[in-house]
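J.: From just these sequences and the hints, can you work out the full model?
Protein chains in written order, with the numbering used here: chain A, 77 to 339; chain B, 1246 to 1497; chain C, -5 to 246.
Accuracy of the hints is not assured; some may be wrong.
As the list claims (entries may be wrong) - In the DSSO-like style, the derived pairs of lysine-lysine whose C-alpha atoms are separated by at most 27 Å in a straight line are:
(1) K1401(B) with K1357(B)
(2) K1401(B) with K1314(B)
(3) K200(A) with K1341(B)
(4) K1314(B) with K1248(B)
(5) K1355(B) with K1401(B)
(6) K232(C) with K200(A)
(7) K1341(B) with K1314(B)
(8) K1401(B) with K1308(B)
(9) K1349(B) with K1314(B)
(10) K30(C) with K200(A)
(11) K1271(B) with K1314(B)
(12) K269(A) with K99(C)
(13) K1429(B) with K1446(B)
(14) K1341(B) with K298(A)
(15) K99(C) with K59(C)
(16) K1337(B) with K200(A)
(17) K1263(B) with K200(A)
(18) K297(A) with K1341(B)
(19) K59(C) with K135(A)
(20) K200(A) with K1349(B)
(21) K297(A) with K59(C)
(22) K1478(B) with K1446(B)
(23) K1271(B) with K1308(B)
(24) K1368(B) with K1271(B)
(25) K1401(B) with K1341(B)
(26) K200(A) with K1478(B)
(27) K1337(B) with K1349(B)
(28) K30(C) with K99(C)
(29) K1337(B) with K298(A)
(30) K178(C) with K135(A)
(31) K1357(B) with K1368(B)
(32) K1337(B) with K1364(B)
(33) K1308(B) with K1263(B)
(34) K30(C) with K178(C)
(35) K1368(B) with K1337(B)
(36) K1341(B) with K1271(B)
(37) K1308(B) with K1248(B)
(38) K1308(B) with K297(A)
No wet-lab data here; the hints were simulated from the structure.
Okay, here's what each chain looks like letter by letter:
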Amino acid sequence: MQLLDQLANWNFYLFGPFPRGEMGGLFLNIIMAFLAIVFSFVVGAIVGYSRLSCRMYVKFPCFAYVELIRSTPLIMLIFWFYFFLPYIFGSGITIFWSAVIALSVYASAYEAEIVRAGVMAIPKGQMEAALSTGMSRYQSMRHVILPQAFRIMVPSFVSFFVSLFKDTSVTYIIGVIELTQAGIIISQRQPDKMYAAYISMGIGFWLVSFSMSHFARRLEKKIGVFDLESIRPDACRDDFMLLPAHKKDKTPDTLSTSCPPQS
Amino acid sequence: MIKFIAANKWFGAIHVLKNVNLGITKGEVVVICGPSGAGKSTLLRTINKLEPIDDGEIIVDGKYLSDPKTDLTALRAEIGMVFQHFNLYPHKTALKNITLAPRKVRGLSKSKAEARALKLLEKVGLSHRCDAFPAQLSGGEQQRVAIARSLAMEPKIMLFDEPTSALDPELINEVLDVMTSLAKEGMTMVVVTHEIGFAQKVADKVVFMNDGEILEIGTPPDIFVNPQHERTKEFMRSVFHVPIFDEELAED
Amino acid sequence: MTKNWRRTKIFELNYEFDWSIPFREPYLGMMITGVKVTIILLVSTSITSLLLGTAISIMRISRIKIVRMLGTLYVEIFRNVPGLFWILFFYFIFPELLPSWIGDKLNTYTYYPVVAGILGLTVDNASYVSDILRSGRLAIPHGQREAAISTGLGRVQQYFHVLLPQMYRAALPPLGTRMVHNFKNTSLCMAITAPELTWATQNIESLTFRGIEATTIATLFYIALASAMIAVIIILEKVLKIDVSGISASEA
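T.: This is the structure:
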């Protein structure tokens, strides 16, 4: 009897005020994480790829962007966008979109690192083999390098999605009614259901996170784990760039990776 | 066909190619040998400009490599290269490895490309493995597929960078057989290898390199049996342990 | 009233920047307390989570099955739930779970938010730390343990002199990243009103409606400290000669 009572708010935890209000709850966490990854993918991929360039004026902005965002707490980013976006877009922007944009920017930095690690893992010989059969750089990247890089990146992306999903809980601070906020609201309005609220919160996050990371682990077993955690492998890969660096002896189209000697 | 004129290359402060002068005519099979670090692979890789040279000229098929107007991509399609570590595309089957370049560069249709690929696979003795992924093939099989992949572009020159160095001893011969038949068909080949037996049988010219410079060029008997330079003699003696020079010593 | 402010218009922002605010009392005091509390959180949670994480990691390789299971259970539970949840849990729920004489004392303890923050962050970070240490341990060659056994070291001695040092060395890069992440997570404690830096900036914002200046300074502080931590880790890697070339391209 009491147990059923405790379960009374399950749809609030899952879906928030929907259908009487906007979508919220656990569902919203998943949606925010998903949108953030999708929106940030293009920017993240470009930044990550460009960071491999040997040209300082390309490499440094990408490096600065990634490091700046990775050094800032997510809460800070959320507050920044929460403050600034209304000035840019007018007061119509909802907290949901402020949160999603902040999460996208946050995600783009991490995705840049994933893309960079994936492309770096391809041995130099693959590009050499492709080029020596007469394919152009673009063709080699498209048919040989990038397909391999994507296969490598997928497990990292999935585990990043899990991590991002957990991080969406932070958005409650600006008022987004996602699972954490739902639990807090219930525990304040109905203090007798406080334990149920926290248990639901915990179980909600745990179930989604556990199943996704289980999936990620199976993928990792198939493809091989990639250590994304390394801080600074800083080699540049001129052989993967579409516009290779020009060097003093005017030999523009070569595979020499001898730009900075620590390649 | 290939001509090196006073080629020099530096890796930072290290002088890896010292004033190399070499000519290779059409249909010739040239073997480059020498101790490790002599610059043999580097020399080979300058031919299709995987490595640029810093000084001097290289002329391939009448085209100057340092000329910015030379279409390097088109030139590379005429030069095939086989690598020490095969460098097959792991995400494609053997057949697709071979058909990729002809379809994308020469614009062949899928059926024509596959027909050509199957013929080449038969030539290297692997037509029954056309759908295998590189991970499922042995080292020797992978290298043979790699050779077929380079032949698919119908190149004028074939470059081999230590093709058998990464193979188990039993698998070396299958690759050498393919290379030998290729030589008999009249292909211009430049081979960097330690397989002296192959060189003695097949090479028209042997180039001995040491420390970035060419010390001796000659026919196989000249280099292997009767080397002139001291370093060449030392190298051959340590590689062979063959009593070729014992008569010389006995006479002293 | 000091005439210290400038009217700035950016993108038609109708926002009056007043850069003196974060430096004026009482706001400066809030910021400084914020920095102090953040550093307290950082140092204490780094130490405790490292200890707890090591303990869990050792539990997971225990010979006793129950101990192993407990360790794995801990990691599975605590890794899959966000850190924020644990911070909220320790502040709101934990005192209720304890007998009322302890619970009430905790609830009324002025610094309990910080303590709850430390507990929550430790518990969350330790699960990641133990996972990282585990992969660090797997990276140690098996021969190390065999060598230790064969020289007669007891099990405990093995751990201390051979296993742990190598485990930490191998795991240093990802461990470092995790510690930086932990530092960023200290900002989560603002949710339970621990007076750390982010809370201070939001407090200033709600009091003066000029949050951007304070937030800028706080962001710069976070970036600076995070970069300092990363720099320390890079130096440590160089000093201990840890090779981070796991992702660098090397020829197949």
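J.: Does each hint fit the structure? Answer for all of them.
T.: Comparing the hints with the structure gives:
Between the alpha carbons of K1401(B) and K1357(B) the distance comes to roughly 20 Å, so the proposed pair stays at or under 27 Å and holds. Straight-line distance between C-alpha atoms of K1401(B) and K1314(B) comes to about 21 Å, which keeps the hinted pair within the 27 Å bound. With a CA separation close to 20 Å, the supplied pair K200(A) and K1341(B) stays within the 27 Å bound. In summary, the hint linking K1314(B) to K1248(B) is supported, as the alpha carbons are separated by about 18 Å, within the 27 Å threshold.
Taken as a hint, the K1355(B) and K1401(B) pair is honoured in the structure, with Cα atoms around 23 Å apart against an allowance of 27 Å. A threshold of 27 Å between alpha carbons decides the hint, and for K232(C) with K200(A) the separation of about 26 Å falls inside it, so the pair holds. For the proposed pair K1341(B) and K1314(B), the alpha carbon gap of about 32 Å is over 27 Å, so the pair is violated. A threshold of 27 Å between alpha carbons decides the hint, and for K1401(B) with K1308(B) the separation of about 14 Å falls inside it, so the pair holds.
Proposed proximity of K1349(B) and K1314(B) is supported: the alpha carbons are some 22 Å apart, at most 27 Å. Note on K30(C) and K200(A): the hinted pairing is violated, with a Cα-Cα distance of about 48 Å set against a maximum of 27 Å. This hinted pair checks out: K1271(B) and K1314(B) have alpha carbons roughly 24 Å apart, not beyond 27 Å. For the suggested pair K269(A) and K99(C), the alpha carbons sit about 23 Å apart, so the restraint of at most 27 Å is met.
Taking the CA atoms of K1429(B) and K1446(B), the gap is near 11 Å; set against the 27 Å cutoff, the hint holds. Between K1341(B) and K298(A), the direct Cα distance comes to roughly 22 Å. Compliance with the 27 Å bound is thereby established for this hinted pair. The suggested pairing of K99(C) with K59(C) is violated, with an alpha-carbon distance near 38 Å, which exceeds 27 Å. Distance hint between K1337(B) and K200(A) is fulfilled; the C-alpha atoms sit about 17 Å from each other, no more than 27 Å.
Between K1263(B) and K200(A) the alpha-carbon distance is near 26 Å, which keeps this suggested pair within the 27 Å criterion. The straight-line distance between the Cα atoms of K297(A) and K1341(B) is roughly 26 Å, inside the 27 Å bound, and the hint therefore holds. This hinted pair does not check out: K59(C) and K135(A) have alpha carbons roughly 50 Å apart, beyond 27 Å. About 21 Å separates the Cα atoms of K200(A) and K1349(B), which keeps this hinted pair within 27 Å; it holds.
Note on K297(A) and K59(C): the hinted pairing holds, with a Cα-Cα distance of about 25 Å set against a maximum of 27 Å. Distance hint between K1478(B) and K1446(B) is fulfilled; the C-alpha atoms sit about 20 Å from each other, no more than 27 Å. About 15 Å separates the Cα atoms of K1271(B) and K1308(B), which keeps this hinted pair within 27 Å; it holds. Restraint check for K1368(B) and K1271(B): satisfied, since their Cα atoms lie roughly 22 Å apart, inside the 27 Å limit.
Of the pairs offered as hints, the one joining K1401(B) and K1341(B) holds, with about 22 Å between alpha carbons and a cut-off of 27 Å not exceeded. For the hint pairing K200(A) with K1478(B), the CA-to-CA distance comes to about 36 Å; that exceeds 27 Å, so the pair is violated. A C-alpha spacing of about 15 Å is found between K1337(B) and K1349(B), which places the hinted pair at or below 27 Å, so the restraint holds. Note on K30(C) and K99(C): the hinted pairing holds, with a Cα-Cα distance of about 24 Å set against a maximum of 27 Å.
Restraint check for K1337(B) and K298(A): the C-alpha separation of about 17 Å stays at or below 27 Å, so the hint holds. With a C-alpha separation of about 25 Å, the suggested pairing of K178(C) with K135(A) holds against the 27 Å cut-off. Between K1357(B) and K1368(B) the alpha-carbon distance is near 17 Å, which keeps this suggested pair within the 27 Å criterion. Restraint check: the Cα-Cα separation between K1337(B) and K1364(B) comes to about 18 Å, which is no more than 27 Å; the hinted pair holds.
Restraint check: the Cα-Cα separation between K1308(B) and K1263(B) comes to about 22 Å, which is no more than 27 Å; the hinted pair holds. Distance restraint check for K30(C) and K178(C): the Cα-Cα separation of roughly 15 Å lies within the 27 Å cut-off, and the hinted pair is therefore satisfied. This hinted pair checks out: K1368(B) and K1337(B) have alpha carbons roughly 20 Å apart, not beyond 27 Å. Annotation: proposed proximity of K1341(B) to K1271(B) is violated, straight-line Cα distance about 30 Å (limit 27 Å).
With a C-alpha separation of about 10 Å, the suggested pairing of K1308(B) with K1248(B) holds against the 27 Å cut-off. Between the alpha carbons of K1308(B) and K297(A) the distance comes to roughly 49 Å, so the proposed pair goes past 27 Å and is violated.
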